[in-house]
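Asker: Residue numbers (this note's numbering), protein chains in the order written: chain A, 1 to 393; chain B, 1001 to 1178.
Rather than coming from a laboratory, the hints here were simulated on the basis of the structure. Just so it is clear, CB atoms sit at the ideal spot from N, CA and C, and this is done for glycine as well. Accuracy of the hints is not assured; some may be wrong.
To be verified - Beta-carbon label-pair distances, calculated as ranges: (1) Gly174(A) to Pro1057(B): 30 to 40 Å; (2) Gly174(A) to Pro1041(B): 27 to 37 Å; (3) Gly70(A) to Pro1057(B): 43 to 53 Å; (4) Pro1084(B) to Phe297(A): 32 to 42 Å; (5) Phe297(A) to Pro1057(B): 19 to 29 Å.
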Amino acid sequence: MTPAEPLPIDIGRYRTYAAIGGVAGLAACVLGWLLDPGQFFHSYLFGFMFWFGIGSGCLAVLMLHHMVGGEWGFVIRRLLETGTRTVPLMALLFIPILFGIPHLYEWSHPEAVANDHLLQEKQAWLNVPFFIVRVVIYFAIWIGLAFLLNRFSGQQDVSENPALPTRRLRNISGPGIILWGLAVTFASIDWVMSMEPHWFSTMYGALYVVGQSLSAFAFTITVVILLSTRPPLSRVLGVSQLHDLGNLLFAFVMLWAYVSFSQFLIIWSGNITEEIPWYLRRTSGGWVLLPILLIAFHFTVPFFVLLMRDVKRRANRLVWIAVWIVLMRLVDLFWLIEPAYHGRTLFVHWLDLAAPIGIGGLWIAWFLWQLPARPLVPLQAPQMVNGETPHAH
Amino acid sequence: MAYERLYGLLAEFDNPDDLLHAARTVREKGYRYLDAYSPMPVHGLSEAVGFRHTWLPLYVLIGGLAGAAGGFFLQYWITALHYPLNIGGRPLNSWPAYIPITFECGVLIASITAVLAMIALNGLPRPYHPLFNAPRFALASHHRFFLCIEKRDPLFDPAQTRDLLESFHTRGVCEVPV
Chain A
1 MTPAEPLPID
11 IGRYRTYAAI
21 GGVAGLAACV
31 LGWLLDPGQF
41 FHSYLFGFMF
51 WFGIGSGCLA
61 VLMLHHMVGG
71 EWGFVIRRLL
81 ETGTRTVPLM
91 ALLFIPILFG
101 IPHLYEWSHP
111 EAVANDHLLQ
121 EKQAWLNVPF
131 FIVRVVIYFA
141 IWIGLAFLLN
151 RFSGQQDVSE
161 NPALPTRRLR
171 NISGPGIILW
181 GLAVTFASID
191 WVMSMEPHWF
201 STMYGALYVV
211 GQSLSAFAFT
221 ITVVILLSTR
231 PPLSRVLGVS
241 QLHDLGNLLF
251 AFVMLWAYVS
261 FSQFLIIWSG
271 NITEEIPWYL
281 RRTSGGWVLL
291 PILLIAFHFT
301 VPFFVLLMRD
311 VKRRANRLVW
321 IAVWIVLMRL
331 VDLFWLIEPA
341 YHGRTLFVHW
351 LDLAAPIGIG
361 GLWIAWFLWQ
371 LPARPLVPLQ
381 APQMVNGETP
391 HAH
Chain B
1001 MAYERLYGLL
1011 AEFDNPDDLL
1021 HAARTVREKG
1031 YRYLDAYSPM
1041 PVHGLSEAVG
1051 FRHTWLPLYV
1061 LIGGLAGAAG
1071 GFFLQYWITA
1081 LHYPLNIGGR
1091 PLNSWPAYIP
1101 ITFECGVLIA
1111 SITAVLAMIA
1121 LNGLPRPYHP
1131 LFNAPRFALA
1141 SHHRFFLCIE
1151 KRDPLFDPAQ
1161 TRDLLESFHT
1171 RGVCEVPV
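Pulled out of the complex, with its shape left as it was, chain A reads as follows (with noise of 0.2 Å):
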């Protein structure tokens, strides 16, 4: 299906710059293999977590859209859906984690297992056959809730019958966005929280499904700013538009300082020898700057900047605090994942950088050229926003 109208900028600049980016990242993680195969793989999981987040989380922002309606998610809802297609590529780019399970992960070594009683307890679920047995049902979930999502929503824009494929659409967000929830929490126990396989909190899957929703929105309103200029998004976001999406985004970074707080007040409560290490770990020996940093930019200050009415209702503040959410959930998810690694202090190696630019330029060049794939607006949604109607162009 062709556009109805050509984008208002032009992507295919961007999109070769992305994949230039996007190669020469990972060429240099090629190297970075060759010299130090434990770093780049620990870079790597970082820079997959990142960017595979963003994806993932558009299908849960689409789906809860899906639910609850709303035409904050209707102006944003072909980002979302092109971010539920990059999910394929990302199956495609965890095959290098797969080669590196004996580098990430502790439980993988029998003689580690063979010395330490709690590892043989835990075989049955942390053990190689069945961790990638796992990683083929969670991207099966995945993928399969954004083809689902993707078809029907372009049934909905030539459908005779509109009700039928929205009503679809509403259907199976419901039951998927909670198959998706349950695919991110283990997927994240799995990937991450298992390379320090002694320590476990409850609170771990939420601050994948928080952190990856919050990603979702904070992108999308990225892009659809940059893209609203000219229509057709110029003549549907408006004001009010902005402003739901403004305070969407001030939710989500509520929440996610509400499950980040909420799992360290319960640990340090707690004050128990098998929880506590990790916290240690990653305040210790520098890494406490991390979670300063966070304290500071991931919270407070788009707390109150969000606050602001003005800002929310201004396209061109309300992308900046957007862009610095963005950038923030890079320095969050370091701080989860690169102390399991490096352990005592506090370190930033050259491939913590070219993992995710080289995921990065791939997963943005994959969007881009996915995203001339529909109009940019639904034709036949719900939802209209100024008159906005499937013949109006």
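Take the given structure of chain A and dock chain B to it, following the hints.
Answerer: Below, chain B alone, put in the same frame as chain A:
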């Protein structure tokens, strides 16, 4: 009616569009002391009668910060000063445990400040208002829309202002005594 005892001139409209048009025109002519009355929210009306930013957000911010500080100090005072308890060997001033209550108190006092300051800034409660002297003004709670230009406006002139209001699509203009 004597000019001294006049509060202003009140025009009555059938629908919000006429009111909106009148309010915009009157403000373009330079009138500043005017207010509109409607049984329902009318989009753009606040801007049309010259709604300004108020100090309310600042009061709410101060209320919220004071609430958070008070909430923190309440817990600190109880657990560290007034009735010190050794809980699991933790320091008496175990501030991480105070944070949820601190945040909640900040939100609570900010919300209460918002409501009370809004009422105070609106000059409420107000048992008497000159507009109640206009017999048809009660319809502002039902299905009519009103625009009032007050006498204290520097441009106010009993005859010219009345002519201006009558030039709109109005159901009538009446004088409002103090």
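Asker: None of the hints should be skipped; say for each whether it holds.
Answerer: A quick look at each hint next to the structure:
no.	hint	in the structure
1	Gly174(A) to Pro1057(B): 30 to 40 Å	holds, 38 Å
2	Gly174(A) to Pro1041(B): 27 to 37 Å	holds, 33 Å
3	Gly70(A) to Pro1057(B): 43 to 53 Å	violated, 25 Å
4	Pro1084(B) to Phe297(A): 32 to 42 Å	holds, 35 Å
5	Phe297(A) to Pro1057(B): 19 to 29 Å	holds, 23 Å
In summary, the structure is inconsistent with hint 3 from the numbered list given earlier, while agreeing with all the others.
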